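> Next come the chains, spelled out residue by residue.
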Amino acid sequence: MPLYHTDDQAMLKDSAAPFIAEHAPVKHLRALRDSNDPTGFSRDLWKQFAEMGFTGTLVPESHGGLGLGHVEAGIILEEIGRNLTPSPFLTTAVAAVEALKTGGAGLRDQWLPKIASGDAIIGLAIDEGAKHRPAATALTAERSGNGFKLSGKKQFVVHGHVADMLIVSARTAGAAGEENGITLFAVPQNAAGLSADAQRLADSSLAARLTLDGVHVDADAVIGEVDAGWGILAKLLDAGRIGAAAEMTGVGGAAMDATFTYLKTRKQFGQLIGEFQALQHRAAHLYGEMETARSVVYKAQQLLDDGDPRAEMFVAVAKAKAGNACNLAVREGVQMHGGIGMTDEYDIGLYMKRDRGLNEFFGDARFHADRVAIMNGY
Amino acid sequence: MADLEIFRAETRAWLEANCPPEMREPMRHDDDACWGGCNFKFKNPAQKQWLDAMAAKGWTVPDWPKAYGGAGLSPAETKALRSEMAKLGCRTPLMSFGIWMLGPALLKFGTEEQKVHYLNQIARGEIRWCQGYSEPGSGSDLVSLQTFGEDMGDHWNVNGQKVWTSYADKADWIFCLVRTDKSDKYKGISFLLFDMTTLGVTTKPILLISGNSPFCETFFDNVKVPKHQIVGELNRGWDVAKYLLGHEREMISGGGLGEGMASIGAAHKVAAGQEPVLRADMAMFDVDTIAFRAHSERFMDEMKSGKGHPAAPNAMKYIGTELNKRRHELVMAAGGSDALEWDSRASNGGAKARGWLRTKANSIEGGTSEVMLNVVAKRILELPGA
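Quick note, the sequences are listed as chains F and X, same order.
Okay, so the first sequence: first residue is 9 according to our numbering, each after it adds one.
Okay, so the second sequence: first residue is 409 according to our numbering, each after it adds one.
The hints are simulated quantities; they were obtained by calculation from the structure and are not laboratory data.
Be a bit skeptical, because a hint or two may be false.
To be verified - Among chain X residues calculated to face chain F with C-beta under 8 Å, some are:
{"no.": "1", "residue": "Lys-677"}
{"no.": "2", "residue": "Asp-694"}
{"no.": "3", "residue": "Val-695"}
{"no.": "4", "residue": "Ala-699"}
{"no.": "5", "residue": "Asp-709"}
{"no.": "6", "residue": "Ser-713"}
{"no.": "7", "residue": "Ala-723"}
{"no.": "8", "residue": "Ile-727"}
{"no.": "9", "residue": "Leu-781"}
{"no.": "10", "residue": "Val-784"}
{"no.": "11", "residue": "Ala-785"}
{"no.": "12", "residue": "Leu-789"}
{"no.": "13", "residue": "Leu-791"}
Unchecked claim - Across the chosen pairs, the derived CB separations fall in these ranges:
{"no.": "14", "chain 1": "X", "residue 1": "Leu-616", "chain 2": "F", "residue 2": "Gly-315", "range": "46 to 56 Å"}
{"no.": "15", "chain 1": "F", "residue 1": "Ala-210", "chain 2": "X", "residue 2": "Leu-616", "range": "46 to 56 Å"}
{"no.": "16", "chain 1": "F", "residue 1": "Asp-15", "chain 2": "X", "residue 2": "Glu-790", "range": "24 to 34 Å"}
{"no.": "17", "chain 1": "F", "residue 1": "Lys-35", "chain 2": "X", "residue 2": "Glu-790", "range": "19 to 29 Å"}
{"no.": "18", "chain 1": "X", "residue 1": "Ser-621", "chain 2": "F", "residue 2": "Ala-29", "range": "54 to 64 Å"}
The structure presented is a predicted model; accordingly, all values stated were derived computationally and were not measured.
A virtual CB, placed ideally from N, CA and C, is assigned to each residue, including glycine.
Using the sequences and the accompanying hints, generate a full structural model.
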């Protein structure tokens, strides 16, 4: 398969790009932020996403979705990134769907149709520390009655305070740091003993710190197998990572475009600053980094959609490369904008904030470079 | 799709039957590469057998038309052939500036007669070509070149000097930029082909910091070049040159790939295990190099389908050569003082140190990194005044 979009994929982009630019441009983010919106995203917009079919991109047709792949999800995420659209799309329609697809018929049939129709928001309760380290899960799940009792803390649970269901990784065996012994649970929002403390982050999104104090769930809340949740968690994480990488090609791409436009309009010393070779070379270097990131993101998406065993490696490379390239784009963006790049009025700073959040989400470039090293045997 | 799978299966079977085992081992020395040409000495019978078998199949240049020595394969078939060769570890049967550089220019600008004559020779590895571009006063500013061909009616009388002519001392023919009109800088250059044994052509190898001499100075003293040996129109050789440079840049960018396909850390596990900061540098290098591999694949796919930007090879050359230099810095760091040995048997004649120094030319030859960035800024980003 050639490494560029098919005609169908190009058509999806042609419909997603103007739709998101019209309904959720950067000023939509500003409006939510400035009104101190307590949800963190627009539910009306989420319903419109459902009407467009976006929410069901990865949901099988048998469950009300479109049955498409990561390339298509990535097209939508890139536009979300370009417009800095606050949306539960990545957590709910991408990462959660991948876990629920393979995690057992009961939960799949319960949740996938609701996700596709825009009637469910899913939170991902994976991280317990400030850095992404999914194997370090220590939150305990002890057998109790016909189910389990969950106790512990989670953080960086985006939209966690308004999620209808939370996918919680918990330890049912082994010790923190081990991949074996982790079990995934579907915990309903109203479960007794669950509390969510939503915090505003630098990029204006809301992420919850969760406390689970003896939360009881039935045995049918287990996603996949007890003690063997790592395999499904890995699928969820790969989907989330490649999704975040795709979103970063949008964030970095839009930041880069805005910066190049500025280089072509801003004058100093009686000439356009884009005429200065010092800036031209940095601009050309940035372009190469962003295009390389875009290529490896496509490659990883295609490999994931093909079920290719190399997908895990390429997803790690894509998350790391997109993270570094997007980070370069926003840093160069603010610097090349000069003083106005530091003002809240200009959008470039908002791109810098979103980049930071997406770089941390599902593991930063160093985390993934370390995985690449381990996968290559060193 | 089904047809492609059949082609892939047949290709695999043919390669398994026809690629000698010696030609499935990684290349370890410079002389493992087959460059062909009148004076080439095959290292072993397998090298010749492999070249002949592939040439007979049209697979030294699989995507060229059959009439010119190729196999007329589609882009998808060519990609399938390359991937099957990679899976079996088959060596490239023929390294050739004729294939990588002159061939594409002839396909676009050559007459039918030139195509049939020269391309078939190139495909079979019969004639080895070198490139006469740079001059002592014309490096990055190539278009200022002064080598002059005086119109003598049925031929040009060429005088001047070229420099950095790769393997000029081993090549049979040269494709050469010659000024044929002194009044117009850009529209005064012609693209000429001539035999390196012509009276008046001399070459002198240049000793480089690596201790090797892959490049020569080439002198022309009243060299007679017949008029039919021009490619493209008179005085419009710069168009041919620019087109060819695109292919040269594409070729050099591959320096980030090739043996470089493999993980740097996997190749230096012991050093990586002992030096955590070196391991981290290697891990980040692997990220960049695996990403670049995907980028090269997309670049090739887009070029073949006509979707690519015509200036894209400049960006590829910049990224690929900078990566290759970084790789060799890491190889030297991993090797420590062992890698400094210059002549010893243990160091395979200083292979690491010489290879490291050789890569420093990657971002100079075929257009410097700085020129590549200028071109990207001007033609792709359309920045002002570039």
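> Look at each hint and say if it fits the structure.
Evaluated hints:
Below 8 Å, beta-carbon pairs count as interface contacts, and X:Lys-677 has one with chain F at about 5 Å; its hint therefore holds. Using the Cβ-Cβ criterion of 8 Å, the hint placing X:Asp-694 at the interface with chain F is satisfied: the shortest such distance is roughly 5 Å. For the restraint placing X:Val-695 at the interface with chain F, the shortest Cβ-Cβ distance is roughly 4 Å, inside the 8 Å limit, so the hint holds. Residue-level restraint check for X:Ala-699 holds (minimum Cβ-Cβ distance to chain F is 4 Å; threshold 8 Å).
Checking X:Asp-709 against chain F by beta carbon gives a least distance of about 4 Å; that is within 8 Å, so the hint holds. Checking X:Ser-713 against chain F: minimum C-beta separation of about 7 Å stays under 8 Å; hint holds. Proximity of X:Ala-723 to chain F holds as hinted, the smallest CB-CB distance being about 5 Å (cut-off 8 Å). The restraint placing X:Ile-727 at the interface with chain F holds, with a minimum CB-CB distance near 5 Å, inside the 8 Å limit.
The closest approach between the C-beta of X:Leu-781 and any C-beta of chain F is roughly 4 Å, which is under the 8 Å cut-off, so the hint is satisfied. Interface hint at X:Val-784: satisfied, since its Cβ lies 4 Å from the closest Cβ of chain F, which is below the 8 Å cut-off. A hinted interface residue such as X:Ala-785 counts as satisfied when its beta carbon comes closer than 8 Å to some beta carbon of chain F; here the least separation is about 4 Å, so the hint holds. About 6 Å separates the beta-carbon of X:Leu-789 from the nearest beta-carbon of chain F, less than 8 Å, and the hint is met.
At about 4 Å, the closest approach between the beta carbon of X:Leu-791 and any beta carbon in chain F falls short of 8 Å, and the interface hint on this residue holds. Checked against the given bound of 46 to 56 Å, the beta carbons of X:Leu-616 and F:Gly-315, roughly 48 Å apart, stay inside it. At roughly 51 Å, the beta-carbon separation of F:Ala-210 and X:Leu-616 lies within the given 46 to 56 Å, and the hint holds. Between F:Asp-15 and X:Glu-790 the beta carbons are some 27 Å apart, a value that agrees with the proposed interval 24 to 34 Å.
At about 28 Å, the CB distance of F:Lys-35 to X:Glu-790 agrees with the hint of 19 to 29 Å. In this structure the hint that X:Ser-621 and F:Ala-29 lie 54 to 64 Å apart at CB holds, the actual value being about 58 Å.
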